[in-house]
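Chains as they are written, first to last, in numbering that gives the first Met the number 0: chain A, 0 to 99; chain B, 0 to 269.
Note that these hints are calculated values from the structure, not bench results. Since this is a predicted model, take the numbers as computed values, not measurements. In this text, a Cβ means the ideal position worked out from N, Cα and C, and glycines have one as well. There may be inaccurate statements among the hints.
As the list claims (entries may be wrong) - Chain A stretches covered by chain B per the calculated footprint, using a threshold of three residues with CB under 8 Å from any CB of chain B:
1. 6-17
2. 23-31
Claimed, not checked - Over the 12 Å line for every Cβ pair with chain B, so calculated as not near, a few chain A residues:
3. A3
4. L41
5. P43
6. G45
7. G66
8. D67
9. A68
10. S69
11. D88
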Amino acid sequence: MSGARVRRGDLLDVYADGDACAVMVASTVVVLSPLATAVLELLPAGAPWAPVSEVVAGLVERFGAPGDASPHDATLGVLRDLAVQGVVDLDGVTAEPTPA
Amino acid sequence: MSAAADALVLHGLGAAQPLRVTGSGADAALPAVLRAWDRCLHPAATAPVVELEPLEVLLGSDDEVAAARARGAVAGTDLAGLMHDLSPAVTLRLLEARAGQLVLLHAAALADPTTRRTAVLVAPSGTGKTTLSRTLGRRLGYVTDETAGVDVDGVLAAYPKPLSVIPRPGEPVKDQVSASELGLGVAPDRPTLAVVVFLERADDGPEEPEVVVEPTLTALASLAGQTSYLTRVPRPLHRVADLLEATGGLRRVRYRESASLEPLLAGWLA
Chain A
0 MSGARVRRGD
10 LLDVYADGDA
20 CAVMVASTVV
30 VLSPLATAVL
40 ELLPAGAPWA
50 PVSEVVAGLV
60 ERFGAPGDAS
70 PHDATLGVLR
80 DLAVQGVVDL
90 DGVTAEPTPA
Chain B
0 MSAAADALVL
10 HGLGAAQPLR
20 VTGSGADAAL
30 PAVLRAWDRC
40 LHPAATAPVV
50 ELEPLEVLLG
60 SDDEVAAARA
70 RGAVAGTDLA
80 GLMHDLSPAV
90 TLRLLEARAG
100 QLVLLHAAAL
110 ADPTTRRTAV
120 LVAPSGTGKT
130 TLSRTLGRRL
140 GYVTDETAGV
150 DVDGVLAAYP
160 KPLSVIPRPG
170 EPVKDQVSAS
180 ELGLGVAPDR
190 PTLAVVVFLE
200 RADDGPEEPE
210 VVVEPTLTAL
220 ASLAGQTSYL
230 TRVPRPLHRV
240 ADLLEATGGL
250 RRVRYRESAS
260 LEPLLAGWLA
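Bound conformation, chain A alone (with noise of 0.2 Å):
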């Protein structure tokens, strides 16, 4: 998993409203939660890919640690589900999480 990277998918816009934001992938609008928005910010527009191990850093620096799961595994949650709409692109990550 340490080759797991990331990057901000093709958006065609952005609009922010407070700490979340609504963005449009294709012809769909998709409004993001203040943690997924934090996520595209840690991804600005036409950056390179970025290690996942970024993102979890980004994230703990500004929400804290989760209480029920690891820092990694929750950040890998929420970036399969940004990569599904097509938020984010995703490279070297599992598309399910595996089985315990």
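Position chain B relative to chain A; hints supplied.
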């Protein structure tokens, strides 16, 4: 083929669509088109005009229709069917002409003829836009029952197309009836966006309409599915958000009968 047929131009959404009415049935088709589309025969006073390539409209025999369709015409062997097919064909061409320039919402739009303040009433196809236009358009100016095109200044490019009316219950082909024939008011010049409403009509909806102002972020998601060519508009979410912010946000209205909306619109458009 008369000279008048060649001169026929339909105006809507700030674009002009010339029609060439042809075929052995042209003498019947031409007056029907002129009557149904009478509100679209003149350009809006101040709207910019995009001129489209002529569209052939043919009424004739099976052989004529087959040949005409092969060359891209809207064609039919019966007048009602031809008129039914013409409306979406013209709409599609007008939409494509203004794609990227206007925010194009699947909506009816009605304007106060004095204030020019205009309500854009967004609703998916088949959920009451035409009924609403027929009911409320007798006291207001009929801007469209199909697509509201809004420019960057919040001014609408009118598209007062014929309304699709079911002649008898169960009839598969709707009649295309002019707004004039239905007694609807004439749209003022430069109708100006005053309110954007998302309609939710239900048989068990409230007798008194219920209005909720939707937050901008979720409003963007609600409206995106009721637009055409939004991806071609520069910074599309900002453009729609600006329209919503300028008009007090998207109003989501639950209602049962279209007539019950009249006082609401009167208040918003005064």
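Going down the list of hints, with the structure as the test:
no. : hint  : verdict
1   : 6-17  : holds (count 5)
2   : 23-31 : holds (count 7)
3   : A3    : 29 Å, holds
4   : L41   : 20 Å, holds
5   : P43   : 17 Å, holds
6   : G45   : 16 Å, holds
7   : G66   : 27 Å, holds
8   : D67   : 27 Å, holds
9   : A68   : 27 Å, holds
10  : S69   : 30 Å, holds
11  : D88   : 19 Å, holds
When each numbered hint is compared with the structure, no violation occurs for any of them.
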